[in-house]
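**Q** Each chain, written out:
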Amino acid sequence: MADIDMKPADESKDKKDEAKKEEPKPEPPTPVQEIKTNIVLIERAVSTLEPRFTHRVLRSLTSLRKKIDNKVLRDAIEAAYPKGWLQLYKSLLSWVPAAAPSDDAMDVEPTTNSKTGTPEPVPEADIYFRLLILHHLLSSPSTYAKAVELAQQTVEKMQALNRRSMDPIASKIWFAVERAYELGGELADARPLFLAAQRTASLRHDDETQASLINRLLRSYLHYSLYDQADKLISKTTFPVSAANSQHARYHYFLGRIKAVQLNYSEAHINLQQAIRRAPPPKTAPGFYQAVHKLFVIVELLMGDIPERGLFRHVVLQKALNAYFELVKAVRTGSLSQFQSTLSKHAAQFEADKTYTLIVRLRQNVIKTGIRRLSLSYSRISLRDICVKLHLDSEEDAEYIVGKAIRDGVIEGRIIHEKGWMECGNQKSGYGPEVSDAFSRRIGYCLELHNESVKAMRYPLNAHRKELAAAEVVREREKHIAKGIEDGDIDDDDMGGDF
Amino acid sequence: MAPQQIVALYNDLQRAFNTQPANLQLCGTLLSKLKIGLIETGLLLPHGDARLEDLVMARDILEIGAFWSIRTKDVPSFDRYFSQLQSFYVDYSSVLPPSKREYPIRGLNLIRLLTQNRIADFHTTLESLPLPADAIGDNPYLRHPVNLERWLMEGSYSKVWNAREEAPTEEYKFFVDSLMGTIRNEIASCEEAAYDSLPLKDAATLLFFTTQSELLRFAEARGWKINLAESSISFSRTSEEKIEIPKEKLIAASLAYARELEQIV
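Sequence lines, in order, name chains C and G. With UniProt numbering, letter number 278 in the first sequence gets 278, and the count goes up by one each step, no holes. With UniProt numbering, letter number 167 in the second sequence gets 167, and the count goes up by one each step, no holes.
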């Protein structure tokens, strides 16, 4: 997307290039420089009321986070706050653990002074620094307590300032706040804070913060297995449509989780699929990708589908989903004994993934698959054989189970009670109204995708002026032609005009 | 009401509840007095820092109330007591010593959800138990409802039937009857789909009826045809539904596609 007005565009293009120089080896910008350009961008975002610049800054957060250390932060803060803003500068610096002063700092110094005049640092920059410091404090266990303290102070400050241009940064801050509380060990304590902030955010139509906070709350509820509360929260709030993709992905994941627990598998399936589609590429966020897929596999199995084999060969997923792959094999063959042994073998992992209770529910699916396989391969089979093949406890059970399977439409068949066998009817052929239903679902999805992407397109401001001018020209031309027609002397050239 | 009074009433309640057989009427009157007392002292829905003994007492009263409601066969009242107990079990779990009645009551709540066929709620509640998932199997109070649910879902109805005598506490038996009703209806609907006809004797065993008259009454209620001469039941087959092409739906879909395509082009 081209930038709008020309003058800043050139500048910002340079900046963009600079920020993008992370990949090319020759001369990557030092983290300090990166922070500095980011601050400039934030200032521009505030002055032009264009949140796009702030978003660009925040996009580099993940990569930047890995590069910062005490010295970098120190230097960057020093650079950003020239003399005269001593108080702010000191308050920020007090959070950064002291670094050994070195001569390198001098290299950066000259470039920083290139700022024109003495601009007043915007509060957003201050909050941005706090965000960086928070992330830095969270990178080592010894400073967790300090991080919680800083988080509290930052939230207070943010709420006191109440600036709309700060919203994108604020949403990131909330994420850091949650991390701080979680690592500090008291995730539940942060809940009232989040709830209050969520209320304010929704009153101010601060979509990004709201999205971030709803996710924080859901996560906090699910962490303590409070599915009821989480469900109520969802029914009482509306997730802002304009929220960032990553927030949407998280939200859909949480929704999928809740729906799966409530046995609403088809709904859960849709949500998890959305989460997968909206998630960042698997290589950059492998943890999320794996977590979603674990749940996704289970939900698919619960729905009676078998996940694709290729899924388990994915580079990111292969190792993490190994236990689940074995589970899928057990369900696919309909072998209860294999299912049980897989379950007990990987119980610890399933427990850690919080999927154990969901997997236990799969037992009935295993039986159903087994019955379906039998009904496909035999036209008549005695209940006793079913019992032996599926490892059921008694023939009596087998009769009830087969009866239930027939009623639920898993198989087509009859039980002949007097003779003690099951007769299997011929299966329905694959063609019917269901086919068109499946197609219409897919077509509907494609159309929606198209419409969504049309809506998501951005148009440069004032660009329609040019078109208006062009329209003006065309109109002139038309007038001219009309006049020509009236006069009766019309040229072939005019007819071939490009209108 | 003064705190001493509450304590006195509480002692009365415990005595009345623990005598064999318990004096249910007396318990009821004591409970309603105590509840008023609890509201006045702000202990019914505690917030902030209340004294530990007071909290334990309030929890005991509510727990007795929950058991009492089951014994008097008052399920909505059990529901209320249970939701009031929730805040003691969840919010004060770190402060209060664990109660030995907690899991029986949680188990009862699970059975209640099961008998009302609220399977989704059942699983949500199960999921939010403060126990690791594999420990549920070791807890006799929870194992019972969990097993029941599993058997119901896979269709092992005879196991459910046999398990009705294995209830871990007296109160569980209250739900057995309504559970049996649910099972019979389930089995009946399965039979309608799976059999063409059944001998009366076998139908009785399948539905766990001991006498023929019970079976006949049940069969009549479900509208089955009984052939007494052959002593068999035949199930009226729901006629094979013809597969029809949903014309209107297809037309509507095609029109919608045309409209969308037009927008795109």
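Bear in mind the hints are in silico, worked out from the structure with no lab data behind them. Values in this document were obtained by computation on a predicted structure and should not be read as measured data. Careful, some of the hints might be misleading.
A few chain G residues facing chain C, derived, Cβ under 8 Å [unchecked claim]:
id	residue
1	Ile119
2	Ala120
3	Gly155
4	Ser156
5	Ile187
6	Ala204
7	Ala253
8	Glu262
9	Ile264
Derived lysine-lysine pairs resembling DSS-like cross-links, with alpha carbons at most 27 Å apart [as the list claims (entries may be wrong)]:
id	chain 1	residue 1	chain 2	residue 2
10	C	Lys419	C	Lys389
11	C	Lys419	G	Lys201
12	C	Lys389	C	Lys283
13	C	Lys232	C	Lys354
14	G	Lys159	C	Lys389
15	C	Lys329	C	Lys345
16	C	Lys283	C	Lys354
17	G	Lys247	G	Lys225
18	G	Lys225	C	Lys419
19	C	Lys232	C	Lys67
20	C	Lys419	G	Lys159
21	G	Lys73	G	Lys201
Pair ranges (Cβ atoms, derived) [as the list claims (entries may be wrong)]:
id	chain 1	residue 1	chain 2	residue 2	range
22	C	Pro141	G	Val75	49 to 57 Å
23	C	Gly287	G	Pro97	49 to 57 Å
24	G	Ile251	C	Pro192	50 to 58 Å
25	C	Ser379	G	Pro76	32 to 40 Å
26	C	Glu423	G	Gly181	55 to 63 Å
27	G	Ile264	C	Asn245	22 to 30 Å
28	G	Pro246	C	Ile481	38 to 46 Å
Think of the CB as a built atom: it goes at the ideal place given N, C-alpha and C, for glycine as much as any other residue.
**Q** Does each hint fit the structure? Answer for all of them.
**A** Hints, one by one, checked against the model:
Proximity of Ile119 (chain G) to chain C holds as hinted, the smallest CB-CB distance being about 6 Å (cut-off 8 Å). A least Cβ separation of about 4 Å between Ala120 (chain G) and chain C falls short of the 8 Å threshold, and the interface hint therefore holds. With its C-beta approaching chain C no nearer than about 3 Å, Gly155 (chain G) sits inside the 8 Å limit, and its interface hint holds. For Ser156 (chain G), the suggested interface contact is upheld, since its CB lies about 5 Å from the closest CB of chain C, less than 8 Å.
About 7 Å separates the beta-carbon of Ile187 (chain G) from the nearest beta-carbon of chain C, less than 8 Å, and the hint is met. With its C-beta approaching chain C no nearer than about 12 Å, Ala204 (chain G) sits outside the 8 Å limit, and its interface hint is violated. Evaluation of the Ala253 (chain G) hint against chain C yields a held restraint, the C-beta minimum of about 5 Å falling below 8 Å. Look at Glu262 (chain G): its Cβ only gets to about 12 Å from chain C, farther than 8 Å, so that hint breaks.
For Ile264 (chain G), the interface hint holds, since its Cβ comes within 8 Å of a Cβ in chain C; the closest pair sits about 6 Å apart. Our distance criterion of 27 Å between C-alpha atoms is met by Lys419 (chain C) and Lys389 (chain C), whose separation comes to about 19 Å. The straight-line distance between the Cα atoms of Lys419 (chain C) and Lys201 (chain G) is roughly 15 Å, inside the 27 Å bound, and the hint therefore holds. Restraint check for Lys389 (chain C) and Lys283 (chain C): the C-alpha separation of about 43 Å exceeds 27 Å, so the hint is violated.
Proximity of Lys232 (chain C) to Lys354 (chain C) is assessed by CA-CA distance (about 21 Å); at most 27 Å being required, the pair is judged to hold. The straight-line distance between the Cα atoms of Lys159 (chain G) and Lys389 (chain C) is roughly 19 Å, inside the 27 Å bound, and the hint therefore holds. For the hint linking Lys329 (chain C) to Lys345 (chain C), the alpha-carbon distance of about 14 Å falls within 27 Å, and the restraint holds. Taken as a hint, the Lys283 (chain C) and Lys354 (chain C) pair is honoured in the structure, with Cα atoms around 23 Å apart against an allowance of 27 Å.
In summary, the hint linking Lys247 (chain G) to Lys225 (chain G) is not supported, as the alpha carbons are separated by about 37 Å, beyond the 27 Å threshold. Between Lys225 (chain G) and Lys419 (chain C), the direct Cα distance comes to roughly 22 Å. Compliance with the 27 Å bound is thereby established for this hinted pair. Using a Cα cut-off of 27 Å, the hinted pair Lys232 (chain C) and Lys67 (chain C) is violated, with the two alpha carbons roughly 40 Å apart. Among the hinted pairs, Lys419 (chain C) with Lys159 (chain G) is consistent with the structure: their alpha-carbon atoms are about 23 Å apart, no more than 27 Å.
Of the supplied pair hints, the one linking Lys73 (chain G) and Lys201 (chain G) is violated, its CA atoms being roughly 34 Å apart against a limit of 27 Å. With their beta carbons about 50 Å apart, Pro141 (chain C) and Val75 (chain G) fall inside the hinted range of 49 to 57 Å. About 38 Å separates the C-beta atoms of Gly287 (chain C) and Pro97 (chain G), a value inconsistent with the hinted range of 49 to 57 Å. Under the hint 50 to 58 Å, the C-beta atoms of Ile251 (chain G) and Pro192 (chain C), about 55 Å apart, fit the expected range.
Look at Ser379 (chain C) against Pro76 (chain G): about 52 Å separates their beta carbons, and that is not inside 32 to 40 Å. Checking the proposed 55 to 63 Å range against Glu423 (chain C) and Gly181 (chain G) shows it is violated: the Cβ atoms sit about 31 Å from each other. A C-beta distance of roughly 24 Å is found between Ile264 (chain G) and Asn245 (chain C), which places it inside the suggested range of 22 to 30 Å. Taken as a hint, the range 38 to 46 Å is violated for the pair Pro246 (chain G) and Ile481 (chain C), whose Cβ atoms sit roughly 53 Å apart.
This entry does not satisfy hints 6, 8, 12, 17, 19, 21, 23, 25, 26 and 28, going by the numbered hints stated previously.
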